[in-house]
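Protein chains in written order, with the numbering used here: chain A, 1 to 321; chain B, 1 to 321; chain C, 1 to 321; chain D, 1 to 321.
Hints are not guaranteed to be accurate.
Any copy will do: because identical chains look the same in the list, a pair fits if it lies in one copy or spans two.
What the hints assert, rightly or not - Calculated cross-link-like contacts (lysine-lysine; reagent style DSS-like; alpha-carbon spacing at most 25 Å):
1) Lys227 / Lys161
2) Lys87 / Lys118
3) Lys162 / Lys3
4) Lys87 / Lys224
5) Lys3 / Lys54
6) Lys87 / Lys54
7) Lys228 / Lys139
Keep in mind the hints are simulated off the structure, nothing from the lab.
4 protein chains.
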Amino acid sequence: MGKQDIGHPLSHFFPHLQGFCDLMVEEVDPERIGVGVDVVICSTPDRVGMLYGKQILDRGASLIDFSGDFRFRDPSAYAAYAGFHPKTAGLPHAAPELLSQTTYGLPELFREQIRQAKLVGNPGCFAVAAILGLIPAVKEHLIALDSIVCDGKTGISGAGKKPSALHHFPERNENVAAYRIAQHQHSVEIEEMLSQVAGQRLSLTFVPHLIPITRGIICTAYAKLSKKNTIQDIQEIYTHFYAGEPFVRMQAPGTCAGLKSVNGSNFCDISLTLDARNNRLVIVAWIDNLMKGQAGIALQNLNIMFDFPEKTGLDRPAFYP
Amino acid sequence: MGKQDIGHPLSHFFPHLQGFCDLMVEEVDPERIGVGVDVVICSTPDRVGMLYGKQILDRGASLIDFSGDFRFRDPSAYAAYAGFHPKTAGLPHAAPELLSQTTYGLPELFREQIRQAKLVGNPGCFAVAAILGLIPAVKEHLIALDSIVCDGKTGISGAGKKPSALHHFPERNENVAAYRIAQHQHSVEIEEMLSQVAGQRLSLTFVPHLIPITRGIICTAYAKLSKKNTIQDIQEIYTHFYAGEPFVRMQAPGTCAGLKSVNGSNFCDISLTLDARNNRLVIVAWIDNLMKGQAGIALQNLNIMFDFPEKTGLDRPAFYP
Amino acid sequence: MGKQDIGHPLSHFFPHLQGFCDLMVEEVDPERIGVGVDVVICSTPDRVGMLYGKQILDRGASLIDFSGDFRFRDPSAYAAYAGFHPKTAGLPHAAPELLSQTTYGLPELFREQIRQAKLVGNPGCFAVAAILGLIPAVKEHLIALDSIVCDGKTGISGAGKKPSALHHFPERNENVAAYRIAQHQHSVEIEEMLSQVAGQRLSLTFVPHLIPITRGIICTAYAKLSKKNTIQDIQEIYTHFYAGEPFVRMQAPGTCAGLKSVNGSNFCDISLTLDARNNRLVIVAWIDNLMKGQAGIALQNLNIMFDFPEKTGLDRPAFYP
Amino acid sequence: MGKQDIGHPLSHFFPHLQGFCDLMVEEVDPERIGVGVDVVICSTPDRVGMLYGKQILDRGASLIDFSGDFRFRDPSAYAAYAGFHPKTAGLPHAAPELLSQTTYGLPELFREQIRQAKLVGNPGCFAVAAILGLIPAVKEHLIALDSIVCDGKTGISGAGKKPSALHHFPERNENVAAYRIAQHQHSVEIEEMLSQVAGQRLSLTFVPHLIPITRGIICTAYAKLSKKNTIQDIQEIYTHFYAGEPFVRMQAPGTCAGLKSVNGSNFCDISLTLDARNNRLVIVAWIDNLMKGQAGIALQNLNIMFDFPEKTGLDRPAFYP
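This is chain A alone, in the form it adopts within the complex (with noise of 0.2 Å):
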């Protein structure tokens, strides 16, 4: 929303919500942000929560900042991510001290990290479906970690309410397009997170793709093996692995099912293929970018820092078709 929407209903903007949220837009007012409630979600651009962390945090409330404000501990690695996008590139953090409190906020690697948290930064929608699809790889040592290389397409919503000549009906029907070629700012969280896991650095070739859909990523990964290995044992090291986990499914190898799966749902499913005869191993990750990608963890994550059920309002299957 924008200054012009203060003083309307949500559901003047959103009329699916008509009945549902009548709530109305008002101004930010620092005096008031944060006073009286449990959290704070900021689904706001970079470089907003940042402005108002602080406050909210001091006023006892926790929060859950959809940018990247808050998903670095280390300021370089905010550098670094920061310097991927024009609009943020050389711009210092306006609340580095903040920076040692955050948590990642991806449960499948930091569900016990988050349970503490006061201040959680929501990752990235491209970062969930590669880092999930590369997680227990990674882990286990199953690839060479100078190999990797993902593939990301994502739908249209990925990009925001706010038009554009890029986004524009005409443009991008019946279009698809690579951008930010090996240069798109969720590279450097899926960096950051998957070298902890590996438990030494590691970087990676990412190329987004535009497709002309509303909602949903997909994530192709490709990297070589780094031992042999059959497929059925990587199959259950990735079942094993994320055994227990609400929001992850393994599918049957060599198959994908596709968006239709996921798309309205918090599911992150993903589908392993071993290239035997490249010894490589091909990983698709997918989620619904607004649902697991955004919103659906962030609420998973509100679950499990507040101690709900963390199925609580996300228990519900994909809409088909």
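With the hints as your guide, set chains B, C and D onto chain A.
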């Protein structure tokens, strides 16, 4: 067209051809096929062209076949190709004696051979994009040959006109899925042709994805640089290699306009990006799968075979928007 | 589902149901159908439900049938309906003795009858939108009954899950066509129900159009005013008529938010515009064809039949974006 | 194009034109506009062409204007048109002295006048489809003039290239909405031209709908027959009326192939159905809104004005699939 379509004009099935092409669909008559014509084009599934090839050539006509039947001179390459698809796996070639005469219909590689050819195997749609994207890098040994990954995205028309559950509108709309992961039969021709270019056997991992658009293929290839190189040098090598090619256009490094720059035309657009952090080259190549990926390249081949100006019938820009 | 699907779990065909519904597809067993259950829902083509209706009811179960088999109490109305579609034309009803017991499953018209009913004919998707849009105008004699035109637009899921040349992705994408022009079988039920509302026979022209979307129906109805009236008065009549209805929402005059306000929900949204220059009322009504137009209204009917709160399982907003 | 685009080649904004049209975008220079050229085409918003019309004509050039500025000879008709759109409402025409010289650029109605014209107002996209669909019926008094309803459906390119919240991809994809219900400015030109055809004033209700496609308009018109008539007779009247027209194709009664028969071409296809039950004629007319609805008809007009063969540059079938 199928048996049930015989006796109706083509414009009955393709209403846009009303007034342009009202030829009747006729039954295939082995007595007449290739009689009194200069060229026969078989836009038929695998294993149809091979049944008629000998007759057609014996009667003095040339043959351009759209399937995989005549893409390989080496019978073992055909066997490898056939083995990748359930419909052809294990079936021997029905006219192996013709294979030594065939030419792979990619003018950018085999223009002089096509000029002399009576029998041309028109390339697979994915193969055109992947091969054109990779030729200069492979030929000039810019990349490590065991590091190549191709991630393909295709519109649904690539699957042909026959309805199926997989390509039913509600199933594909707002959906993206990987399929035949590392098992697509076009891998074989990509590897075969690039191996010829390299002067040594290479193989690569190719994963196609179904995108909810009618037309277009975009192929994103990734490979490690074999030696230090600048993007300027690589761009120049490509530009030089494709200088004079009427239907390959190099794009500015790091940019990808997307399918709308090629759909409806016979162009292949190619974009290069150097991921210096990872010492990896990213090549994005895109075509209209029904033009440069099928009928357009067939016409280009026909023009070459019959010594017509190569752009005849193809000298037009893409359809926009 | 068809015969070939027997023995597989539903989630095999609907991957989004993995972990939510893994029931096996079973063969229809006339000995078991309706035994030990409260209600049977036949989501089957025309002329299937009528084969099992008597058994189901005799065994004490209720039946909600999704086809046209039980939408009419009057056998001649059924004959008219059946006559509109090539697959049913000329075939007599197989269970005419049940027709007198059936209730048309539109709660806004027949809630009390549904409450008592054992046999409910769930309405046709277009019919729900057209009838709900027109009831108050017809009932209050606001419009000339011989002047009604309905222009319907539907997503492709309305055609079911079975693939066909007409609904093949490349055929429908970037395409719009009118079909069964003034000959769609839903016309019969629209006319039948509105005639009951009017207290006199009426008929209207209905033309459906195929739109390249998965879900949603929008029905634009036009009629001459029978007497002078203001938009305020007409709006008030509608608002009053639908007051208390849980799933009909009147929109501000002259506004139409479009399908995204209803898709995924059980709502029917209705917008009124007075074209004073032409003394004509324009009524736009829109629904999700698979919810209020099919499964949603069936669940609403079930809730009424079994005295559950009417919104059970349906109390949620549309899916956005 | 806007001010910010000056100094870049057209192919920068339209990558498909690379190598075909690399003309630079220049600033409008009142001193130069119309100097040394035969014709100026203003593909500009309302109220731009009227600022330059006099200069262009005074300098001896012809003018084809794409906006509503020169569609009406009658200033009151222009005022009515302008009044229908918030951006033009209440503004007087800036060059009323030119109106008496203008010709409405619909060749099927005004071919001879266009041949003599120096100033042509290119028609509105919806108007082309609606008028062509209705001319013969109105001219031959087949229908009751007070009973006409037009239901229009348009692709999003009709809204131009400028991004807006309404035409943002995620907002329009999988969405359909009616807009400017009975208030669209094209109503005025439809009524104006058909009144001339009828020889008496008529008015009608027109409701446009936004469809998630890039191109194409389909207009479904409904009217009561003024006297008994058979579909054969009506079809013959239409066929006779459009005999010799190069870009109007009558379809078999009751059939509608849909937009794919026209998109990319300059054709208008028309289908007639008699709804005998309701004594109503249903006329479906469809065009490519950017061709017969804009640039194509402009080129047709230019060909007529300059005595080129009328099909020059337009003699090609639709783009399929």
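Each hint, compared with the structure:
{"no.": "1", "hint": "Lys227 / Lys161", "verdict": "neither (45 Å within a copy, 43 Å between copies)"}
{"no.": "2", "hint": "Lys87 / Lys118", "verdict": "neither (27 Å within a copy, 50 Å between copies)"}
{"no.": "3", "hint": "Lys162 / Lys3", "verdict": "both (13 Å within a copy, 22 Å between copies)"}
{"no.": "4", "hint": "Lys87 / Lys224", "verdict": "neither (35 Å within a copy, 30 Å between copies)"}
{"no.": "5", "hint": "Lys3 / Lys54", "verdict": "within (23 Å within a copy, 43 Å between copies)"}
{"no.": "6", "hint": "Lys87 / Lys54", "verdict": "within (23 Å within a copy, 46 Å between copies)"}
{"no.": "7", "hint": "Lys228 / Lys139", "verdict": "within (16 Å within a copy, 31 Å between copies)"}
Of the numbered hints given earlier, the model fails hints 1, 2, 4; all others are met.
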